[in-house]
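J.: What follows is each chain in one-letter form.
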Amino acid sequence: MRHPNRAVPACILILAAPVWAQEPPLADPNTWPALVDTHIKDLNQAFAADPKADQARVPYQKTLLHLQELREHLLVKGFATTKASAWITGANRTWQLNVNPEDGTESIFAPDSTALAPAGSSTIAAIRKIRDSVASQITVPIALETFKTRVSRSSDQWGRFYQGVVLQEYPWESFLNAGLDWRRSALDAPPDRQWRLLHPVSALVAYQGRSTTGTASTAILAMEALGLQWYAADDKRAYKATYGLSALFTLKGPGDASNGYGLMGTYRDFKVGVKWGKLPDGRATSQVILSLNLVQYLQLKGDQGLSSAIANMGQ
Amino acid sequence: MAKACKVLFIHGIGDGKADFADAAWQILVDQHWAKTKEKLPDSAKVPVCYNDLFEDFRKAPKDGLKEVLPFIKDAAVVAALQDLQGSSSFVYTHLLDVLLWRFHTYARNAVTEKVASAIEPHLPGVIGGTTNLVLVAHSLGTAVLTDAIHLLAADGRLAGCWMPVVHMLANVAKVLEGPLTMAYRPPTQSRCRPPLSTTDSDAALLTYYSYRNLYDPVPMVDRFKPDWPVAVYHDTTFQAWGRNGVVNPHDLATYVQAPAVYMKLLRNITQDFTTYSLARELQEIQNAPPVPALPTPSEVQLRQVLTTLITQYAEKATSADFVKLLKALILAKLL
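Quick mapping for you: the protein sequence lines, in order, are chains A and B.
The opening position of the first sequence corresponds to residue 3 in my numbering, with each subsequent residue numbered one higher.
The opening position of the second sequence corresponds to residue -5 in my numbering, with each subsequent residue numbered one higher.
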């Protein structure tokens, strides 16, 4: 019993991509089984009348099997995508014409053995006719759709990862991450996280808790000693940083007695963290760190109260 | 129905300008014209470039210097860093390209996918029998193409069909093979191979051509020497110093100018098995013009250096010899 709902996608594919067709696709999908039956009948007749039948037996059997599978999928089970893909692979392998690049002789089936495709065999002639008909009307259109599906899923995924993530890293980070991840092939999806190592960070503002100078905030220079950063593809399929966490090393600033250390979290382009250090009078101090763009964002939002609250922390 | 021919050129190390294949293509056009008085259509030539990915890496991170500069007080160091980012020195271009390809998983994957994506649009024509696809890779491009074809086959984009033919000039697919997929050694040999038996269903190619200029030291290291059937694997060696007496045995055009190379390429491109028959190829090789006179003393010196290298390493050069070889080539200003 045929399941029309599962057969429909194949029919759509056949009708949707006639670019490579040498003859127009059949209008009525219901005629396909009859066409396949005709091919099977012609093939059997050609094989029965073939004086070189023994030499053509393997390609004959393979072709018969492909046609029977095609008929079964069309008539009984419908053409599920995975099964279609497997069938296309087998049929393409069987029917691809091999032109020997040395002398131009043509063969099909076994590329390194012309003995399996004897010239002048009526079976081979019938198979070629079938191949031309089926390839133009079924195999190539479906294969084209398969490519399209794959392209939308994976094309340039690594290129986008390379642009969005790898090129944003310093060379030592990049080689470290790639080295640790050496088992990931182009067949795999790109990773969703990367290590940060000795990554300089500027445009940070520290809000002083216990200031001797009375300054509410100072620009600081810091380095992400070690951290982990996650990435994800955005709406435009570009890889962007999502969130991360890093151990921080900060350089001595105007209000500090020494270099400091801290922790910093990242969310998209924004950074927020805590820094610990010593004041010139020897007392320990803790400061809140914000990235400049976050400070600007908070002020743009008009939330002066929040900025003030951060500035007054620890008083 | 005549097939439309597409010849995809995949460039070698540090050679990724858009016109990198022009000189080689012109040789093919000229040779074809001389033999048939017909022009090869320029639309058949398709240069495939991936070097921009390496170029981007050299300039990365984009805002990196801006982040680093506040940490550096010494103006000389700042200037040196700025120079380095835009450097075109050999070490910063060619060697970095090799390092990125061989040891940087992500760069390798991005390059592989880029080249695979450049081949992919031609596959429907191959399956439908309407396109005669000829792939020509040079130097580092041979390793890249090996991985790209493996990727196309492994993720199903070949849809079961075989790629007709690849031509690997100065083949370094073995020495620059990846850690996961060997160029031809089991158990993880690349699918960029011709069928090794009638039951080899993983093979992605019908025929594999590999070429080596004996004066070219680059493919000398860790040679590409698979034990493949001669019916589907053709290994060609020849000797050529370079065009017009200039010593450049690794150049793409030097390879293509060799009769043993252009005759095979034109045979595949035109599918003319009479004009470019095996007998004509042998004739062409025998009738090749003699090596031109040495134009300058430095060319003489380069030839001497290379001859010494060839004598020293010949067939036995290993990866460990690579540094010594490289040093000699840099000293000889060949690279």
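Hints are computed from structural coordinates only; laboratory data are not their basis.
Heads up, a few of these hints could be off.
Claimed, not checked - So, partial list: chain B residues that the calculated Cβ filter (under 10 Å) puts toward chain A:
1) His98
2) Cys155
3) Thr175
4) Thr201
5) His228
6) Asp229
7) Phe267
As the list claims (entries may be wrong) - Cross-link-like lysine-lysine pairs, in silico, DSS-like; alpha carbons within 27 Å at most:
8) A:Lys64 <-> A:Lys54
9) A:Lys64 <-> A:Lys131
10) A:Lys131 <-> A:Lys242
11) B:Lys(-3) <-> B:Lys33
12) B:Lys11 <-> B:Lys0
13) B:Lys11 <-> B:Lys53
14) B:Lys0 <-> A:Lys131
15) A:Lys254 <-> A:Lys280
16) B:Lys53 <-> A:Lys242
17) B:Lys(-3) <-> A:Lys131
18) B:Lys53 <-> A:Lys238
19) B:Lys11 <-> B:Lys33
As the list claims (entries may be wrong) - Stretch by stretch, here's where chain B covers chain A in the computed footprint (C-beta under 8 Å, at least three residues):
20) 95 to 102
21) 168 to 177
Virtual Cβ for every residue (Gly too), placed ideally from N, Cα, C.
J.: Taking the hints in turn, state whether each one holds.
T.: These are the hints, each one checked on the structure:
no.: 1; hint: His98; result: 5 Å, holds
no.: 2; hint: Cys155; result: 4 Å, holds
no.: 3; hint: Thr175; result: 7 Å, holds
no.: 4; hint: Thr201; result: 5 Å, holds
no.: 5; hint: His228; result: 8 Å, holds
no.: 6; hint: Asp229; result: 13 Å, violated
no.: 7; hint: Phe267; result: 3 Å, holds
no.: 8; hint: A:Lys64 <-> A:Lys54; result: 16 Å, holds
no.: 9; hint: A:Lys64 <-> A:Lys131; result: 15 Å, holds
no.: 10; hint: A:Lys131 <-> A:Lys242; result: 52 Å, violated
no.: 11; hint: B:Lys(-3) <-> B:Lys33; result: 16 Å, holds
no.: 12; hint: B:Lys11 <-> B:Lys0; result: 19 Å, holds
no.: 13; hint: B:Lys11 <-> B:Lys53; result: 17 Å, holds
no.: 14; hint: B:Lys0 <-> A:Lys131; result: 26 Å, holds
no.: 15; hint: A:Lys254 <-> A:Lys280; result: 9 Å, holds
no.: 16; hint: B:Lys53 <-> A:Lys242; result: 19 Å, holds
no.: 17; hint: B:Lys(-3) <-> A:Lys131; result: 18 Å, holds
no.: 18; hint: B:Lys53 <-> A:Lys238; result: 24 Å, holds
no.: 19; hint: B:Lys11 <-> B:Lys33; result: 24 Å, holds
no.: 20; hint: 95 to 102; result: holds (count 6)
no.: 21; hint: 168 to 177; result: holds (count 8)
In summary, the structure is inconsistent with hints 6 and 10 from the numbered list given earlier, while agreeing with the others.
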